[in-house]
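Q: So you can see what is in the structure, the chains are spelled out below.
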Amino acid sequence: MPAFARHARRRALASPAPPSAFDPPARARGPASGLSASRPGPHLLALALFAPLLLAAPGAQAAAPTGSLWPCIQPRVDNLAAAQMWDGPPVEGLAWRDDARVADLVPVLAARRTPLEDADKLVESFAREAGPDKNQRLTLLFAGVFDQINSLRSRILAGIERYAQHQIDLSTRIKDESLKLAQAKKAAANDADKAKAAELEKEILWDTRIYDTRSQSVTAVCESPVILEQRAFALARTIRGAMD
Amino acid sequence: MTRRTTLSAGLALAGLLVALEAAPALADGRAFVSNERDHTVSVVDLTSMTLIETIKTGRRPRGITASPDGKLIYLCASDDNRVEVYDAQTFKLVKTLRSGPDPELFVLAPSGNPLYIANEDDNMVTAVNVENNELVAEIPVGVEPEGMGVSPDGRYLVNTSETTNMAHVIDTKTNEVVENVLVDSRPRYAQFNHDGKQLWVSSEVGGTVAVIDPANWKIIKKISFAIPGVNKDAIQPVGIRITKDGSKAFIALGPANRVAVVDTRTLEVEKYLLVGQRVWQLAFSPDEKLLISTNGNSNDISVIDVASEKVTKSIAVGRLPWGVVVVP
Chain P
1 MPAFARHARR RALASPAPPS AFDPPARARG PASGLSASRP GPHLLALALF
51 APLLLAAPGA QAAAPTGSLW PCIQPRVDNL AAAQMWDGPP VEGLAWRDDA
101 RVADLVPVLA ARRTPLEDAD KLVESFAREA GPDKNQRLTL LFAGVFDQIN
151 SLRSRILAGI ERYAQHQIDL STRIKDESLK LAQAKKAAAN DADKAKAAEL
201 EKEILWDTRI YDTRSQSVTA VCESPVILEQ RAFALARTIR GAMD
Chain V
1 MTRRTTLSAG LALAGLLVAL EAAPALADGR AFVSNERDHT VSVVDLTSMT
51 LIETIKTGRR PRGITASPDG KLIYLCASDD NRVEVYDAQT FKLVKTLRSG
101 PDPELFVLAP SGNPLYIANE DDNMVTAVNV ENNELVAEIP VGVEPEGMGV
151 SPDGRYLVNT SETTNMAHVI DTKTNEVVEN VLVDSRPRYA QFNHDGKQLW
201 VSSEVGGTVA VIDPANWKII KKISFAIPGV NKDAIQPVGI RITKDGSKAF
251 IALGPANRVA VVDTRTLEVE KYLLVGQRVW QLAFSPDEKL LISTNGNSND
301 ISVIDVASEK VTKSIAVGRL PWGVVVVP
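Sequence lines, in order, name chains P and V.
With this note's numbering applied, the first sequence closes on residue 244, and no number is skipped along the way.
With this note's numbering applied, the second sequence closes on residue 328, and no number is skipped along the way.
Certain hints may be false.
With a straight-line cut-off of 30 Å between C-alpha atoms, the simulated BS3-like cross-links for lysine-lysine are [as the list claims (entries may be wrong)]:
#: 1; chain 1: V; residue 1: 310; chain 2: P; residue 2: 121
#: 2; chain 1: V; residue 1: 222; chain 2: V; residue 2: 244
#: 3; chain 1: P; residue 1: 134; chain 2: V; residue 2: 313
#: 4; chain 1: P; residue 1: 180; chain 2: P; residue 2: 202
#: 5; chain 1: V; residue 1: 173; chain 2: V; residue 2: 232
#: 6; chain 1: P; residue 1: 121; chain 2: V; residue 2: 313
#: 7; chain 1: V; residue 1: 271; chain 2: P; residue 2: 134
#: 8; chain 1: V; residue 1: 248; chain 2: V; residue 2: 222
#: 9; chain 1: P; residue 1: 134; chain 2: V; residue 2: 310
With beta-carbon atoms standing in for the labels, derived distance ranges [as the list claims (entries may be wrong)]:
#: 10; chain 1: V; residue 1: 231; chain 2: P; residue 2: 124; range: 27 to 35 Å
#: 11; chain 1: P; residue 1: 209; chain 2: V; residue 2: 308; range: 53 to 61 Å
#: 12; chain 1: P; residue 1: 131; chain 2: V; residue 2: 220; range: 46 to 54 Å
#: 13; chain 1: P; residue 1: 209; chain 2: V; residue 2: 112; range: 55 to 63 Å
Because the hints were derived from the structure by calculation, they are not lab data.
Here a beta-carbon is modelled for each residue, glycine too, at the ideal position from N, C-alpha and C.
So that you can see chain P by itself, here it is in the shape it has in the complex (with noise of 0.2 Å):
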C-alpha cells in the first residue's frame, strides 16, 4: 500500500464519533428508557440519507459479494474478535439471553442512541445487582453486546458494499443518459423533442447530485464498522472493570 493510502487509512481508523443512523431502535425497557439521546452531528444527514442502502434484507448479507466492492480505504475485517477486547473467561456460543435482565439490556447497551456515559451507568448498577454470580453475569452480557454489535457491524459491511455497487450502476446510467441526452438535442426537430431533452438534462443532473452526495460521504459511511469498533471496546472495558 503506498504511503499516503496507508497514512489516509491510519487517519480515518480515529475517527470521532459521529452518530449513526443504524443503530437498531432502542427497545429500551427499564431504567434505560429515560436516557438522553446523543445529539446529531455533520454526518447525520448524509449518513440518514442512505441508510436504507446500508440497511437493507438482512438476507443480503450472505449474498454479498467480498473484496472487490469494498470501497473502504480501511481494510474489510469480517468479523470482530471477542478477544481484541476481552481478556476475561470466554464468550463464545454463550446462551446471554437465557439471562432475561442481560438480554433486556444488552440492545440498550449496544445502540449508538445511548450514551457511553450513560452505559457505564447501566453497566455499574446491573453488576451491583448481580448477585453472587456478578461475574459470569457480566460475561454474559459482554457476549449479548459483542454479539450483537458484531451481527449489526457485518451487516454494515455488507451495505457498505451494496453501496458501492449503487455508485457503480449510477455511474453507469449517468454516461448512458448523457450519450441519450447529445443524441436528443441533435435530434430535436420541435418543441416537444426540446421539451423532452431539458426533461433528461434535469434527470442527469439529479444523478449527478446523488452521484457526488453519495462520494463525499464514502469517508464517513466507511467509519461506521470502526465506530461500533469503539464501541464494543468501550463496552468490554467497563463491563471488565465491573468484574471481581
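For chain P, the structure is supplied; the task is to place chain V on it using the hints.
A: Using the frame of chain P, we list chain V on its own:
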C-alpha cells in the same frame, strides 16, 4: 540579624512557592502525547492522572522526544515538514528546526545533539544540530525510512526502512551506512537496550521482533506472538521499550490491543496486557514505575504499573494518539 533571617526565610519561602507553582506535583512526571489527527499534544500529569493541557501544534504530529534534561520537547510536525521544540514547563513553542520532508520519527543523540530524523518521503535520514538548526548530514537509506534507534554510546544509529525491510546501521562518526540487516516485513521501530548489547527491531506486517547482536549485527532471535482468539494479522508489533536493568521488554502490538511483556534473558513472551485500541508507542516514566501506551483508535493512553505488570488506568487524550514521552 533577625531582620536578615526573616528576609532570607521570606525569600526562601517565596522561592519555594515559585518552585511549587512552576512544578506542581511532578513526582511521577508528565506525559506528552502527540495526537496525529487533532494536531495537538496532550499533557497528562502522572501524579493526578489527569489531562492538564492541550497544546496546539503543527499539522500531523507524530514522533515526540525530550532533551536529556527533560526541559525541551521535540515534535515531528509531519505535514508541516519541520520539527517543533516546546518548553516542557510553559508548553510554549520555543523554536522550529529543519527536518527534511515528511518527518515521522526521530531520535536524539544520547548527548542531546544532533537530532536524527527519518524522512519517509525521500528515503533519507537527516541529522540536524539542535542548537543552531544547521544541517549536519543527509544519509541515504532504504525506501520509507521510519524507525530510529541510537546506541547508548551514540556510536551507531539504526534506521528501519518500511519497504526495503531492513535495519540500516549508520556509523555516526562518518554518517555512512555500515551494515544492513534484513528483518521481517515493514520494520517500524528500533531500540537498543541500555548496555548496548542488544538491538530490538519490530516488524509490523511480519508480526515479529528481531533481537540483533550489535557485535556482529546478526539476528539472535525473532520473537513471535500468539494471543488466543486474536487473528495473527492483527498482531502488529510497533513500539518497544526495555527497562534500564535490562530485564524486561515491552512491545506494543497495534490492533491486537495488547502490550507484550518479554523476558530479555529467555527472549520469551511472559504475558500480554490488554490496553487500548491500536496501541502504537510506549514510554516509561523517569522512575520506570509506569509505562504509558498510546492507543490510536480508542483515543486514550493506558497506564501500566511496571512492577505488577498490570494496566491500572486509561486516560482520554486527543484523537489518534501516536507518540509519547515522559519528563520529570
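Q: Looking back at the hints listed earlier, which ones does the structure fail to meet?
A: Result: hint 5 breaks, nothing else.
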